[in-house]
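Q: Sequence:
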Amino acid sequence: INKPHLAYSILGGFTTLFMLCSLFIKEKLYIGESTVATICGIIFGPKGANLFNPNEWGNVDQITLECSRIVLVVQCFAVGVELPKRYMTRHWKSIFMLLIPVMTFGWLICSLFIWWMIPSLTWLESLCCAACITATDPVLASSVVGKGKFAKRVPKHLRDLLSAESGCNDGMAFPFIYLSLYIIKYKPHGGHIVEHWIVRTILYECIFGAVYGVLIGYAGRHAIKFAERKNLIDRESFLVFYFVLALFCAGTGSMLGLDDLLVGFCAGVAFSNDGWFSQQTEDSHVSNVIDLLLNLAFFVYFGSIIPWSSYNRPDWDITPWRLVVISILVLFFRRIPIMLALKPLIPDIKTWREALFAGHFGPIGVGAIFVAILARAKLETGEATPLAVLPPPGSTNYLIIELIWPITTFLIITSIIVHGSSVAVFTLGKRINTMRITMSYTTANEEPNWLNRLPRLTPRPSMARKSMDDSGSSDNEKTYPSGTLPPPGGIPGGFLSRRPAEDDASSAITDESRLRRRGPGGPISDSAIHPQR
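In my numbering, the protein residues as written are 117 to 649.
No lab work stands behind these hints, which were simulated from the structure alone.
Careful, some of the hints might be misleading.
Said to hold, decoys possible - Quick list of in silico lysine-lysine cross-link-like pairs, BS3-like style, CA-CA up to 25 Å:
no. : residue 1 : residue 2
1   : Lys466    : Lys272
2   : Lys119    : Lys272
3   : Lys142    : Lys301
4   : Lys119    : Lys268
5   : Lys201    : Lys268
6   : Lys142    : Lys466
7   : Lys119    : Lys163
8   : Lys142    : Lys303
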């Protein structure tokens, strides 16, 4: 028995058991697969049964970086493919507001919280930690913006907006993290900071990366259309084509030094911009199957590499209560205030409730893991490949290299718990909101004002009903031959009898209320009863 065999057994066994009861867990308990997979990783990880320990596999930072890269690029590509036809060109204003002002505010406010609660870090180092949690995660967001049962309760325009944001802003986290790194590295020289950040990060990695992704997606779209038109591609290869194209984006984008997450998202948008591929694969669920397998495997892996011992290091000014306070502040102030403030400027957010929901739902997940490991590698060696062993104490940037990982992972655990259970909380709140409340009251002689505004309905007596006089006697009961009607006034309250005065008053009120009423069901005009030719 060796370590790979144990890893295969645990991953396969957990996935099998989860899939056997996945409908019950997702639709009845409202728990996402990421939460269950993380719990499984904790149980079988080093702090549990110690059967699944990636720390013994070698360079665990390198493994984590590449696994998260593949999961993110595939997920970002899938988000771009599943967006509606020409969504980015028609809703660019809403996407711009979520990417620039919202992310900038979240980055700055989170850096202040970390700087306040971790005194050993400087504000520049806190900016680096905050950049890791700025972006929302498309993997965790799939429980709301995906195709699950709860997703149907969210308005479609809001689902599409959150989906586009989660796919795009993972790549847009690169300017924030690299600005923090350049400030730490070239602190006395402002010219070097501006030069490297604008020329290398903004122009090359982001803008050229987006153009490169669009070219890949455009070429892939016309290539698969040509193969389909010439009958060169079978159905299985057609369905899995987007996955291999996403892998190509991840590989070439990394080799060229581009923002590979933004490359994958832009390639997905360009690949399905005309809606043709989405229409052809509407009935198939191959993308959901691939995402489910990748997400389950990765979060089991994440649960086994959580640095529990690093959460309580008083010599570094990091303790559990400080991390809990940071998590609470981040959950409440990272997105909610700025989303409420910018609600009038975001066209796709219609109501204040939608603004509150969009502000709350900013999950932190795989994207934060990827950016944290990338930042640690840049701080260690200046390159994108992390070291197998951390630098010794006293080396340059030693404290931020040690603290960026536990701070980020603790916020990820908090986000998995809070945002993973948000579905259950919102569902319970919806049921409470729709509960029927009955109120009873007693009035005296006068009625409330709102009741006077309602139209009054006076029930008409039936033709077949025989009425009794006020004394209850049956002297007025008479029989008439079949096929004849009683004379007018023959039966009190009968068919042709005149109504008493109180009935006239109620009839007047009824007629007056009918005249006031507008819309269907109003009074019938005389021209409709006696049309004139």
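Q: Compare the structure with each hint and give your call.
A: Now the hints, each set against the structure:
no., hint, result
1, Lys466 <-> Lys272, "holds, 12 Å"
2, Lys119 <-> Lys272, "violated, 45 Å"
3, Lys142 <-> Lys301, "violated, 46 Å"
4, Lys119 <-> Lys268, "violated, 42 Å"
5, Lys201 <-> Lys268, "holds, 19 Å"
6, Lys142 <-> Lys466, "violated, 28 Å"
7, Lys119 <-> Lys163, "holds, 17 Å"
8, Lys142 <-> Lys303, "violated, 49 Å"
The structure does not agree with the numbered hints 2, 3, 4, 6, 8 stated previously, though it agrees with the rest.
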